[in-house]
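A.B. asks: Chain by chain, the residues run as shown.
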Amino acid sequence: MTRFWVLKILRTVLTLWFVVTFVFVVLRTSGDPVVALVGADATPEEVEQFRQLWRLDDPLWIQYFRYVVQMATGQFGISYRDGREVIDIIAERIPWTLILGLFSYIGAILIGVPAGIIAAIKRGSAFDNLIMATAVFGFALPNFFLGILMILLFSLSLQWLPSSGTGTVWHLIMPAITLATFTAGTLARFTRSAMLEVLDKLYIRAAAAKGVGYWKRIIFHALPNASIPLVTIIGLNLGELIGGAIVVETVFAWPGVGRLLVTAVSSRDLAVVQGLVLIMAVTMVLANLVVDLLYGLLDPRIRVQN
Amino acid sequence: MFTRREVGSLILGAGALSMVGSLPKANAADRPSLNIAVDNLWANMATINGISTTSRRIFPNFYDNLVDRDYIKDENGLIFAPKLATKWEQNGTVWKFTLREGVKFHDGTEMTAEDAVFTLSPERLWGAKPFEPRGKTFTAGFKRVEATGKYTFEIETERPDPNIPSKLTGYIGFVVPKKYYMEVGVDAFGQKPIGTGPYKVTTFRSGEIMVLEAFDDYWDGPPPVKQISWKIVPEFAARMAGLVSKEFDFIVNIPTDQEAALEKYQGVTLKRVLADNYPAFAFNTRPDPEDNPLVDPNLRYAMVQAIDMNAIVQALFNGTTEHPAVPFNFKEYGKFYDPNLPVKLPYDVAAAKALVAKTKYKGEKLIWHITRQYYPNYEAAAEIMVEQWREIGVNVEAQILDNFELVYRRPYHMMNMSMSSDFIPGDPYQPLWLDWGPTASRSTATWKTWDPSPKFLELGKKFDEATDFEERKKAYLALSEEWQRITPGYYMWKSVYNCAHRAGIQFKFKPNGEMRIYGDYFKFV
Amino acid sequence: MKRVSPILVFAIVILAIAVVVAIIGNVFTSHGMSQQNLLARLKPPAFMTGSNPSFPLGTDRIGRDMVARVIAGLQMSLSVAIAGTIIGAVFGSAIGFIAAHFRGWVEEVLMMLVDFQASLPFILITLTLLAFFGNSMTLFIILMGLFGWEKYARLSRGVVLSAINQPYAKAIVALGAGNGRLYLKHVLPNVASALIVQVTLTFPQIILLETSLSFLGLGIQAPQTSLGQILGDGRDYLSTAWWISVWPGLVIFLVTLSMSIVGDWLRDRLDPMLRARTT
Amino acid sequence: MSNERLSIEHLNVPLPPGADRTFAVEDLSLSVSKGEILCIVGESGSGKSLTALATMGLLPRNLGRPTGKVMFEGKDLLTLDEATRRDITGRRIAMIFQEPTAALNPIFRVGEQVSETFRIHTSLSQAEIRKKVIDLFREVQLPNPEQIYHSYPHQLSGGQCQRVMIATALALDPSVLIADEPTTALDVTTQAQILKLMLELRARHDTGIIFITHDFGVVAEIADRVAVMQTGRLVEIGTRDEILNHPKADYTRRLLAAVPTLTPRKEREGLGSPVLIARNIVKTFARSGLFGGGRTVKAVDDVDITIRRGETLGLVGESGSGKSTLAQCVIRLVQPESGDILISGGDFAGLNGKALREARRKVQIVFQDPYTALDPRQKVGDSIAEGPFIHGLDRKAAMARALDLLEACGLDRASATRFPHEFSGGQRQRICIARALAVEPELLIADESVSALDVSVQAQVLKLLADMQERLGFGILFITHDLRVASQICDNIAVMRNGRIVERGDPASLFGAPKETYTKELLAAVPGKGWQHHADKNEAGTERSREETP
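Residue numbers (my numbering), protein chains in the order written: chain A, 1 to 306; chain B, 1 to 525; chain C, 1 to 279; chain D, 1 to 550.
Don't read these hints as lab results, they were simulated from the structure.
Straight-line alpha carbon distances no greater than 20 Å define the calculated EDC-like cross-link-like pairs of lysine to aspartate or glutamate that follow: (1) B:Lys192 - A:Glu92; (2) D:Lys69 - D:Glu82; (3) B:Lys129 - A:Glu48; (4) C:Lys185 - D:Glu358.
Here the structure is a predicted model, which is why all the values come from computation and not from measurement.
Just chain A, same shape as in the assembly (with noise of 0.2 Å):
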């Protein structure tokens, strides 16, 4: 049990050291720091003055490593655009984020999941069909070109909501439904296949034989075991979420890492950008760590062993 633990959390932190060293090799292979940071309108005598300021003529290795150990505790620099501290423009960003990724993903679940398990054992109905088409109209749209449709409807003719921006929770409601949209199409598809799989099990017939009734079956038997799986997908969907949030952020003006990261990329503030990069990736990698102790809690084969 603890060498599980143990295993898991030291792929955890390897993990996390690839990704700060494919950042360092990027921003080091994609041109000269310096030039990217400063401008190409800077005098020789300037790109001198922050060569040494950052210490870019030690050997490669010790910048590696200054650089790991600046990563790991957090120091990501200071942003070029507005000279402010990266950690702090990234952490005003984030609650935001946040509100909508948690709002958006829950609502996901929440639609996604029963209709997946309906779809399931409704198998081959219309019922069926009709939501699996409506999960893949739901990931086959592009978002922003959902949220703009929603944007036209709801807020330009119909006025029912707020058409960008932030201040309540009907501000909320467009981008948390184009956010989910995907998600809750990608989530029912899995769910049915999921369920599919463990109704054909021999226990849930077993069950069947106790008299267990159906919908007991369903929820009791046969839907924990669906569940084990779903874990996995459900945490792996964190990260496709996390990248329509760029899309859906920037199409509602919504003040979060995600706009963050598109407004860094394309003014190249080089700084937050790896700020983003790793801290987006330390949000996957925990997020993966609590699948899997979610995992081990949900599968008894992984949580006892002999």
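With chain A fixed as given, assemble chains B, C and D onto it according to the hints.
C.D. replies: Only chains B, C and D this time, still in chain A's reference frame:
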């Protein structure tokens, strides 16, 4: 309908609310607030480092100029009115300015000649290592800036310069507080700027929002609006929906094709001004890259003659602006403007083809660097022009890049740019000499696209020194002719700025894009 | 089992049409995809008033024929998606095969790489790399090709592991077959169906990714065009000239939908094969 | 009959359209009485399991509604509404399944799963239920009932799981118990225990038991009456003695003739020089991975075996004894840690790369499951020809050899162009044998090669192996858990347990006078050992069964 916001604001946690701005002050409670949806905010709000279309529209709300251009009394803004300076007089190479007394910066300190002098000082603008190096362009010829009293100061120039007051109507005329500026440094100042304007900056997050709050100690009396939030809303659809549904009081940057549709909504007023500014592109006339075919002027002539810019402008702007047939012959130059000036390189595909035939050009790819979504309609025009050049056998690839740093990265054969024409109002000094002369970034920067010809330099010097109108006009025409002989660039159209606001607001949009939310420019009705 | 559902027929027909149009599309219009007609800007499609009969689907903001645009966009989007899918599938599957064959530390390292990739949202990587290295078609294709490789790697490792533990694979080893014969002739055809299902999942995802990137301005660059680019370009015109983005949007939607339907069908048919995979 | 508990009358279970026959079960009538064990016996596809499922109302949804009657306590189960029927199943009629580990929900403690039956059908308190469950566990002779109560299925052995299932089934003292091949997945010793348990329970509770099996040994052990089924129809029904010793139907007779019995034989004369000498084979399984370590299991522990030309060496033992690992070590599908392997006098253990691949020709293997042993996407002709082709024969000659072998193995030459899924299990196993023999090996390993086959087919395949050995003279390492089969065909038998060979000898002496307790236990557990059928004098498998038509 009306309950949803009330309910909504009750439900959303206080935590999220407090991040938008500080709580309202009781004494300002009776004044309304404004929400303005903008397409973008510049990262830095220092007066010179922060020069951009997106910052200029906000600047006059928290900075004051020394001298003001009065667009209320004069359509073209050619009347110079006192603002922070109340009086000015020229004596040979020296200009004496008297400052308004009792003007306060937002931090409560009084503005004095020390601040004005610092604002124009070599250490800030034109010395060896100035804080805001772009200031050099605007202070050419400055020799000495010195306080002569608490409220008086002098500017001495190398040669007599009749245009100093008009130069102070621009970016360099925004007075900054010396003490605070020196304390925090230019970068931090750009993030938390302080001026003497009617509003003070309370929140500035460049990727997101800028909040201005009424500065009730403003020398001209309290401003009409309690709080102005400039929020970035990148999508036009969201800006438009927000204006129509009255979430926003103002929106800016409306695509030309959408103006008509927007105007159809009730209570929406569209404002459009022609700005003293021209999107353009520069030909890279230098042999860098080595095989640059554009070093041959015939190819440049051909390319100019292949462009049907009038049709493009008509298509893209619906006749709201126009293409200057002869460069630098701009209508805003009053007496300098001559509608009958001959067009040297008119639209003529046959002539263009003939010119291409005279060159060694063999269809090599010419790279045109363009900044993404920077000048309205620029990319669309570029797409059209690329096709028109294809007609005459010139192969141009328009590369849309995210920012100017990428645009400035060689190799390129052409690059986008824009040229303001208002540094000295009513005089072609800026576009012709300042922007192309020997100190211009276009001829000095690492990414420079041309080396001014000796003749251009010689004619330019003559033009720079000419103070008498007739003499100056003659010099200007000669200089312009030399420029056209070389044709290192192409002026496309006069910029159009637009914005729209809700009903219940009376608003005068300044032609340079400034959105002044005070005085005679803005009223609630 | 023999009965094929009408939905599936619909999906296959749509895909077939898409491919045919992409290949011979140019016969459907006499206009070039970048041929402009400034006098015929923003013309509505044929069934609306004010339309121009030579532009059945209308024109865009600089008077280009939407039929030609959408076809060119379809060609590009399909090519990118096909190239990307092939690269990703081949690369990812190769990694999976290698991991499954060598086991041990090779497998650990490769799977760690997979974890690493899975820990970063792909669009994040794409944005970063495109912004830093500049946008080029080559990089773009490579990036699209990298998309989903980790899914192929995971999947193929799993199915290969289970396949090479199947008695038939052991029997073939026992016959004295080399690794090449084992993997290429026997294992690959047997895991291919699982990989093909994954292809039907990745393919629409690449189209959508390209669309998102176009929206952010990092996708296919003009004068080339893609469905995503047309869609993104037309978004400001949705309330006045909806046809600019609705046509490409519709095509994206139909292709994605059809691909998913076909994928689902394959998945259902090949279910036992997928179930055999281990994690 | 007043004692009748459950009677099935004219039951029909339709198959979906397009199947090879219209009804899975057709016009079936039988009944079970109080305290009676009725064995339904038949080969795969005979419809015996579907009969059970139809009775329980658990038929898969793709099958149509069953017709006929299933009478229980005066009610027709087929026409009852779902709720009433559910009340009967589980409380009055219980069922246990072939795969006990799969029949238990993996994420719940077994105690809870047994308790569920009480929770559904009774209003007992939690504490009372718990006590009852523990009592049940005791009754089905589970060790440590308290601990088992809190265990998860994966922590229990297959036999323990089946005991838990039986406990669940018996929870409410059902009137009828349906057991669908409950011992098939278990080892012989465990099977013997479970069978014993069933007999005890029948005696104690007077339950009527329908026991579905394919194994006549099991039938001989426990049946009161026997029903024989074939392709959905009842062939005959009668008492154990009637069916086993005096069958009326031809089909029953054929089946019985094919059933292997414990008839130990002597080592054959004239065996040649050794084709396999394996010495000191050791294989330890450890947890692999970057962060290795963990527990290790000695799967094969210092084993020596020798096989001569023409000899069949049987390797018997229960699951997990290391038989298959040893075989895979010998053929080097698994790398032994140490030990020498000589094949036809040549070193095999030390070979690598090309040399190894070439040497592989000399030793071939036939696996247990014919359904997974053939590449599903390769035509069978190509499958068989592949070996010779790899070893240098040109494509044409290889195919010619493949066709000859197909014929030799009793298959049509034309079948070479078909795919494996078009063949029955027995035919596939013949193809596997043909594939193995195509490279003319010196040694053939048959790893439980006949275990998954129906008895009639099993007999044919065994005969095929014997014939081919006769003709080609290779040695066979015959791995099986079935002592009856081993006793009939092996020259020598090695008994394996926990990775070691505990006893060896020729079948006659080994089974006649076993020395080791373990060997004795194994022998004692052989089902139906007391019964020797004399129904038919025919040689096993001379007649081709209908099962063999594709």
